[in-house]
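2 protein chains.
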Amino acid sequence: MISLLQKKRLEYRIEIPQSLRDFQNVCWQKKKGTLPVKEDVRNWFPKTCDQNSYELVKRSSKNISLRIGVVFSGGQAAGGHNVIAAIWDAIAQMGDNSQLIGFLDGPSGIVENRCKELRKEEIDGVRNLGGFDLIGSGRTKIETPEQLKAAMKNCQGQKLDGLIVIGGDDSNTNAAILAEYFVASGCETSVIGIPKTIDGDLQSQDIEMSFGFDSACKTYAEMIGNIARDALSAKKYYHFIKLMGRSASHITLECALATHPNLALIGEEQKSLKTIIEEITDLICYRSSEGKEYGLILIPEGLIEFIPEMKQMIQEINCLMVDKSSEKIIEKLEKQSRALFLTLPESIQQQLLFDRDPHGNVALSQIETEHLLIDLVKKELAQRNDYQGKFSPLSHFFGYEGRCCFPSNFDAKYCYSLGLLAALAVRDKLTGVICSIQNLKHSIEKWQFKMVPIVQLIHIELRKGKRKPVIEKTLVNLREGPYSQFAIMRKALRLQDDYIYPGPMQFFGDFEITDSIPRILCL
Amino acid sequence: MISLLQKKRLEYRIEIPQSLRDFQNVCWQKKKGTLPVKEDVRNWFPKTCDQNSYELVKRSSKNISLRIGVVFSGGQAAGGHNVIAAIWDAIAQMGDNSQLIGFLDGPSGIVENRCKELRKEEIDGVRNLGGFDLIGSGRTKIETPEQLKAAMKNCQGQKLDGLIVIGGDDSNTNAAILAEYFVASGCETSVIGIPKTIDGDLQSQDIEMSFGFDSACKTYAEMIGNIARDALSAKKYYHFIKLMGRSASHITLECALATHPNLALIGEEQKSLKTIIEEITDLICYRSSEGKEYGLILIPEGLIEFIPEMKQMIQEINCLMVDKSSEKIIEKLEKQSRALFLTLPESIQQQLLFDRDPHGNVALSQIETEHLLIDLVKKELAQRNDYQGKFSPLSHFFGYEGRCCFPSNFDAKYCYSLGLLAALAVRDKLTGVICSIQNLKHSIEKWQFKMVPIVQLIHIELRKGKRKPVIEKTLVNLREGPYSQFAIMRKALRLQDDYIYPGPMQFFGDFEITDSIPRILCL
Chain A
1 MISLLQKKRL EYRIEIPQSL RDFQNVCWQK KKGTLPVKED VRNWFPKTCD QNSYELVKRS
61 SKNISLRIGV VFSGGQAAGG HNVIAAIWDA IAQMGDNSQL IGFLDGPSGI VENRCKELRK
121 EEIDGVRNLG GFDLIGSGRT KIETPEQLKA AMKNCQGQKL DGLIVIGGDD SNTNAAILAE
181 YFVASGCETS VIGIPKTIDG DLQSQDIEMS FGFDSACKTY AEMIGNIARD ALSAKKYYHF
241 IKLMGRSASH ITLECALATH PNLALIGEEQ KSLKTIIEEI TDLICYRSSE GKEYGLILIP
301 EGLIEFIPEM KQMIQEINCL MVDKSSEKII EKLEKQSRAL FLTLPESIQQ QLLFDRDPHG
361 NVALSQIETE HLLIDLVKKE LAQRNDYQGK FSPLSHFFGY EGRCCFPSNF DAKYCYSLGL
421 LAALAVRDKL TGVICSIQNL KHSIEKWQFK MVPIVQLIHI ELRKGKRKPV IEKTLVNLRE
481 GPYSQFAIMR KALRLQDDYI YPGPMQFFGD FEITDSIPRI LCL
Chain B
1 MISLLQKKRL EYRIEIPQSL RDFQNVCWQK KKGTLPVKED VRNWFPKTCD QNSYELVKRS
61 SKNISLRIGV VFSGGQAAGG HNVIAAIWDA IAQMGDNSQL IGFLDGPSGI VENRCKELRK
121 EEIDGVRNLG GFDLIGSGRT KIETPEQLKA AMKNCQGQKL DGLIVIGGDD SNTNAAILAE
181 YFVASGCETS VIGIPKTIDG DLQSQDIEMS FGFDSACKTY AEMIGNIARD ALSAKKYYHF
241 IKLMGRSASH ITLECALATH PNLALIGEEQ KSLKTIIEEI TDLICYRSSE GKEYGLILIP
301 EGLIEFIPEM KQMIQEINCL MVDKSSEKII EKLEKQSRAL FLTLPESIQQ QLLFDRDPHG
361 NVALSQIETE HLLIDLVKKE LAQRNDYQGK FSPLSHFFGY EGRCCFPSNF DAKYCYSLGL
421 LAALAVRDKL TGVICSIQNL KHSIEKWQFK MVPIVQLIHI ELRKGKRKPV IEKTLVNLRE
481 GPYSQFAIMR KALRLQDDYI YPGPMQFFGD FEITDSIPRI LCL
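Chains A and B supply the protein sequences, listed in that same order. Heads up, the first sequence is in this note's numbering, so the first residue is 1 and it goes up one at a time. Heads up, the second sequence is in this note's numbering, so the first residue is 1 and it goes up one at a time.
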């Protein structure tokens with residue numbers, strides 16, 4: 001049984017750029033000029049580091065039937081189903097014997113050869129709908145020699161012309177590693193990456209925006225706007241709203257621009273915990289002196305990772321907990337970290353000492369930053385002699401409801417084009433590249449298509465004591481663009497209740513409402 | 001600054017039933033046949049208990065300029081601004097000297113004469129938009145002789161022809177008390193009630209539905225559907241979603257019918273805590289045996305009030321805590337209640353012992369039922385030898401984001417008509433009545449309008465040891481209608497993932513999507 005809106009979305013006719021409508025007239029062509037790759041990165045990718053970007057050019061090309069494998073990797077993002085639908089449509093156009101194989105439940109499906117051939121009816125049942133449930137997703141990385149070998153064996157066994165990896169920074173790094181391994185081993189399966197993540201941190205000069213960001217932000221902004229209106233109506237609560245999207249604060253920034261909260265913390269500012277608590281407390285006192293005992297504060301999920309002294313303390317705990325009991329850990333912390341630890345609420349202390357992520361480190365995503373802030377602000381308010389107000393905080397966390405929402409028209413169209421580009425890249429035998437669409441803020445006919453070698457995005461980082469190739473997460477740039485705009489309006493928003501109510505995402509009606517794009521693309 | 005959707009909604013042209021387009025042709029007429037009022041209720045309302053319902057009849061009527069006061073009472077519900085807009089439009093039509101006075105921040109605004117005259121520009125700025133922020137709301141009751149006297153003095157001072165109270169069960173009871181007091185004191189201000197509450201528990205033979213319920217459920221259902229899709233994509237989490245709307249489980253039932261979760265608890269079934277925990281644990285084990293380690297469980301906010309042994313224990317705590325320390329309370333509990341108390345997680349024990357509502361009782365709305373259930377289910381699973389799965393629960397609470405959402409078209413239209421009816425009731429000098437629209441599931445021209453004496457909805461209840469007149473909350477009826485439909489499908493939903501994804505509320509496009517009405521009205 002499906003909802004009326006699901007039905008209508010299945011019927012939505014996606015706009016396709018003119019140049020992608022007939023693959024017999026276009027192909028990928030290597031761009032001129034060499035792109036330098038850092039020496040330490042070259043060492044990891046000796047076979048695939050020397051390629052340039054590709055641009056789409058008009059040229060009569062031969063279509064052939066293709067067998068393509070596709071996999072979702074990592075957290076959900078709205079629009080993923082459209083990537084798959086586009087690949088399917090593209091290869092169906094290329095040849096009658098084309099087949100699309102979906103690897104199940106993430107990259108482990110490739111290693112373990114768990115997959116299924118995707119059929120027209122299934123594809124037609126998920127067009128323009130959210131989620132990754134057509135084939136599931138997972139967080140396994142293909143890293144060990146055994147995993148790499150198994151992945152290659154299975155791609156060869158499936159006779160795949162290409163493997164399309166729909167994922168974020170780590171997953172696209174993994175795609176580059178797979179591509180290198182395949183080339184070095186003489187496996188002809190192309191590996192193509194698609195930039196996915198609601199976090200918006202997979203950006204570069206070439207990648208303007210990952211898909212899913214727009215839909216997630218629209219969903220969160222709807223809820224934030226509703227809560228802002230509630231705050232202004234009831235006039236008695238401070239709403240502390242934590243938003244998914246670690247580590248970077250792009251989602252918080254986009255939602256702040258869309259809703260105008262009284263305060264939005266931006267992790268990248270790297271303020272100390274003391275400064276943050278003072279800032280919030282000042283806000284509450286200031287508003288209270290003007291008769292306002294309510295407000296709206298946005299908190300990025302990754303905030304805690306940017307607070308210098310928290311970061312320091314967490315690093316120490318991570319090192320100590322390898323072989324110390326929890327009492328010993330507190331003892332052994334450096335003086336400053338111990339002092340900080342002892343100021344934290346008991347529940348947070350417990351999380352720091354006992355909750356572990358899969359690598360045995362402090363489980364950062366489990367730490368309830370919103371409760372931490374509320375607790376510390378309460379203490380700070382108690383010490384302010386001039387504060388006579390009544391502080392009633394409420395906390396919210398918006399995350400899962402934004403990852404699997406219906407894709408916005410922007411994400412639906414963007415994903416569909418990404419899927420077409422990826423299929424074309426397989427036909428043209430590219431590998432180790434990621435799909436890039438630029439000029440996204442303009443109309444679809446002005447979009448520019450590129451294939452970018454993933455190695456171009458990679459640098460070498462220390463991870464768990466080992467040097468590893470990774471795509472660096474792009475953080476909020478504090479010197480320009482959307483942050484600057486936010487910084488200008490920020491002071492006025494503290495006292496003014498200039499809340500904006502974006503309301504629910506709309507799919508029908510005026511183009512400017514149905515097809516709006518993320519603010520951070522425009523600024 | 002307003003959003004594009006706000007702008008569009010301001011321009012939305014509300015459908016108005018033919019009979020309400022020209023007030024010179026209609027008036028309220030007493031219906032024939034007397035309505036019996038219980039003796040104990042008569043004693044509370046000697047002056048106003050003997051009235052019948054009123055029906056709208058065609059008759060040439062004289063319009064006059066009116067001065068009307070309006071107040072929001074209690075929690076926010078989408079559509080409230082449209083009630084006010086309709087009153088304004090109605091009295092503007094009735095005479096050039098009409099004026100609308102908004103009492104600020106709830107009934108305390110009446111007692112303290114805090115009010116403002118509402119102007120066209122302000123009214124035009126909130127049409128079809130959510131929230132109560134035009135004049136604010138509050139939870140004060142006008143009960144003491146001093147409050148009643150002050151309220152009357154201020155209504156007389158403002159020369160009000162009528163006072164329109166937009167509220168839920170308690171607020172409409174309060175409207176009836178005010179009406180009685182005004183009549184008994186010779187004050188000619190009419191008091192008219194409007195049925196508002198997202199909880200959906202202000203229902204009767206005459207009141208089919210309170211406003212705000214539809215919009216809140218649509219907003220919650222959007223989020224629940226998104227999370228269901230995430231559960232099915234990630235395949236590793238059990239989502240425990242608590243929904244606002246105590247005490248009754250109407251919201252949970254409506255959302256369950258809209259989204260098909262694996263389990264939806266209905267408070268009115270009055271199951272024991274043991275039964276509920278077993279039911280959830282059985283579900284998890286059953287799904288695990290079929291390879292499913294994820295699922296979706298809906299929990300009504302009021303659940304805890306319906307669990308017989310919890311109710312008993314809470315009553316004991318409420319009695320004991322008047323003069324006992326918290327240690328003593330545990331000692332003094334009856335054997336069964338003490339045993340229950342000791343099985344509860346520490347955080348819930350703390351809430352029971354230390355969190356107080358404004359009346360000094362256990363703060364039921366603060367108790368995190370979703371965490372209680374998760375904790376007890378974990379313990380129960382640990383004891384099941386045949387369970388080998390991995391239980392990863394996540395909890396959510398949806399509440400504030402549904403109270404101040406954009407009103408659905410249904411709520412927008414419903415509220416607008418309610419406002420027109422109320423204004424007409426003031427013109428026709430009715431008092432102590434509540435607006436009723438029946439046939440809501442049919443097209444607007446088939447709606448039937450009535451004014452119902454509030455005393456008809458009232459009975460006498462013991463509240464804090466005192467007999468008081470109250471409007472009884474209407475609970476989910478376990479013998480018919482929507483619950484029966486839910487009960488039929490419930491077994492299949494446990495294992496099947498037949499989730500429905502309603503998606504965001506739509507305001508443009510096909511009528512069947514934009515103007516859908518609550519399921520529980522249709523069944």
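A few of these clues could be false.
A pair holds if it fits inside one copy or across any two, identical chains being indistinguishable in the list.
[Claimed, not checked] As a list, the in silico BS3-like pairs of lysine-lysine whose alpha-carbon atoms are at most 27 Å apart:
#1 328 - 468
#2 390 - 116
#3 236 - 116
#4 8 - 441
#5 464 - 236
#6 7 - 491
#7 390 - 235
#8 441 - 378
#9 466 - 491
If you're looking for bench data, these hints aren't it; they were derived computationally from the structure.
Consistency of the hints with the structure:
no.: 1; hint: 328 - 468; verdict: neither (32 Å within a copy, 60 Å between copies)
no.: 2; hint: 390 - 116; verdict: between (58 Å within a copy, 25 Å between copies)
no.: 3; hint: 236 - 116; verdict: between (54 Å within a copy, 21 Å between copies)
no.: 4; hint: 8 - 441; verdict: both (26 Å within a copy, 23 Å between copies)
no.: 5; hint: 464 - 236; verdict: between (46 Å within a copy, 26 Å between copies)
no.: 6; hint: 7 - 491; verdict: between (45 Å within a copy, 26 Å between copies)
no.: 7; hint: 390 - 235; verdict: within (11 Å within a copy, 43 Å between copies)
no.: 8; hint: 441 - 378; verdict: neither (43 Å within a copy, 48 Å between copies)
no.: 9; hint: 466 - 491; verdict: neither (43 Å within a copy, 51 Å between copies)
In summary, the numbered hints that this structure violates are 1, 8 and 9.
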